[in-house]
Amino acid sequence: MPRLRLAMAQTNPIVGDRAHNATRLLELAEDAYSQGAQVFLTGELALTGYPIEDLALRNNFLALSRDAVAHFAHELAARGLGDMAVILGHPDGPIEHDDSATTLHQPARAHNCASVLSHGAVVATYAKHHLPNYAVFDEFRTFIPGTEGLIVRAGGTDLGIVICEDLWRSDGPIESLGTYPLGALLVPNASPFERDKDEIRAPLVTMRAREMNTHVAYVNLVGGQDDLVFDGDSMIVDPQGNRLAWGRRFQEDLILVDLELPESDIGAALPPRTHRCEVTVREPGQSPLAPRERPTDDDTAILWEALVTGTRDYVTKNGFPSVILGLSGGIDSAVCATIAADALGASKVYGVSLPSVHSSDHSVSDAEELARIQGISYRVEPIGDVVAVLDAQLGLTGLAAENVQARARAIILMALSNQEGHLVLTTGNKSELAVGYSTIYGDSVGGYAPIKDVPKTLVWELARWRNALSTQRGETPPIPENSIEKPPSAELRPGQTDQDSLPDYDVLDAILELLVVQGLDHPQIVSRGFDSDLVENIVGLVSRAEWKRRQGAIGPRISSVAFGRDRRLPITSRLTAFPPSR
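In our numbering, the protein residues as written are 541 to 1122.
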């Protein structure tokens, strides 16, 4: 029975930066080769990053990507790695039109591919069959589905290749390959993170391994890309459903495993519309491989790392030197500042206290304490004089007077951003965004929203977890206890609290989970035991706030339905979502 030493590269690509991505993949390929790897598997579109969205409609982008694949194959051979088969994820497609301004509006012409590179050449290419067109995915818009299967004979065994969604569907390539005596199934992926995703992903891989009676090598990307976060969590599962290896979460990783695989069946008939290529690979390495550690399954720790990863990569990949945010002394800004400090280091986080005449003493003192504990830059910029001028000139009262305070804060934060080059972080949470409990062009101002997909109750949970982590480490907890325990308030009028106009957050978040994430309607939510009038009010608030959310900053997606790509509703609509008031 042949022994195959397989390496999987779990990388954090930057979309469009082929040179950077290729350099990192070559570094890992050399590392894998030095440890005796025979086959080197990358993630989905690892060469260009994922998702490439409408870049896949640009002929020039596709042509440059094709050239990069050929150059990568050549470079592997030039570095003496030609006898290690490399399966590289990349886009490819026909170049049929001149690159012009109209190209973006042409139909899809690219394939989502995995190519086999050997001895300096591209010897075979597989194109993804099933193109997801749900939730955050728009692949049917940007890619053409593949129609051919591929089996690679290497090291005396046969390896099938499918890409991401192909594994999730039981028809197509999975059905075809299911009757063939594969040694292993290689699966490049770009599977975005969401809470409890591994409770779906790992059982799927296990089921396929058992159904197909083969090893499944599943390699995923890591890192943040706009509002998506990729968690890695790559794995290898044997035909009995045992997990042999884990990739680290939210970190680049090189996973090497020795697999005892069945010999190629020379007489086995190929499945329909499937071809087979044979590559010559080196003998497997003999040095022992270091054991793999199983990553944490602590749900709160995983969520925190997802938020940190998304924030770090958005800031660094877009070239911002630092971030700035308003520190109110409340829980939301405290958690956002802590995420930013964990992501970037305290020296790159700038906090600003922006007190008004209605601000409590503790709003300033709690903000100051947080900045002192974490070592972030801190300043106080009172807004009273700015607001007084506008109040006097415009005669503002009521809601208009409240909102001008939030907008004065936004002016100051954006001015400091322009002057000093910081990215402004906006600190709104998912509960507030859902019901429109924010001031447009005020506290919603910013380029990135670290807790946009975090319900208020989870914000508190994360804060307590992060403080407990510091205590375990013998460090001072980063978030002042008063910021966690005091009633939440926008402090735009004397004695104001969030619960003046909203139900308790435990109740609100439970309703929002049913409405936004699970997609239930008014009668279905009421049937779960909630007050009909309250549900009617919340449904109305969520519907009327759509225009605000459409203009808001992006933030890391951690749920199965986040505001943005997942949930696309019209702003202008007269749809009756609940019974008329009695």
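Keep in mind the hints are simulated off the structure, nothing from the lab. Remember, it's a predicted structure, so these values are computed and weren't measured experimentally. Think of the CB as a built atom: it goes at the ideal place given N, C-alpha and C, for glycine as much as any other residue. There may be inaccurate statements among the hints.
DSSO-like cross-link-like pairs, simulated, lysine-lysine; straight-line CA separation at most 30 Å [unchecked claim]:
no.	residue 1	residue 2
1	LYS857	LYS1088
2	LYS888	LYS857
3	LYS1088	LYS1026
4	LYS737	LYS1026
Simulated DEER-style distance windows between Cβ atoms [said to hold, decoys possible]:
no.	residue 1	residue 2	range
5	ASP837	VAL663	36 to 42 Å
6	ALA941	GLY859	34 to 40 Å
7	GLY859	GLU833	30 to 36 Å
Restraint status (C-alpha distance of LYS857 to LYS1088 at most 30 Å):
holds, 27 Å
Proposed proximity, LYS1026 with LYS737 (alpha carbon, max 30 Å):
Violated. LYS737 to LYS1026 sits at ~33 Å, over the 30 Å cutoff.
Assuming the hint says 30 to 36 Å, is it satisfied by the Cβ distance from GLY859 to GLU833 or not?
This hint holds: roughly 34 Å between Cβ atoms.
Distance restraint hint 36 to 42 Å, applied to the beta-carbon atoms of ASP837 and VAL663:
holds, 40 Å
Given the range 34 to 40 Å, decide if the beta-carbon distance of ALA941 to GLY859 lies inside it.
holds, 39 Å
Given the hinted pair LYS1088 and LYS1026, is their Cα-Cα distance within 30 Å?
Satisfied, since the Cα-Cα distance of roughly 27 Å is no more than 30 Å.
Regarding the pair LYS888 and LYS857, is the alpha-carbon distance no greater than 30 Å?
Status holds; Cα separation ~15 Å.
Checked against the numbered hints given earlier, the structure breaks only hint 4 and satisfies all the rest.
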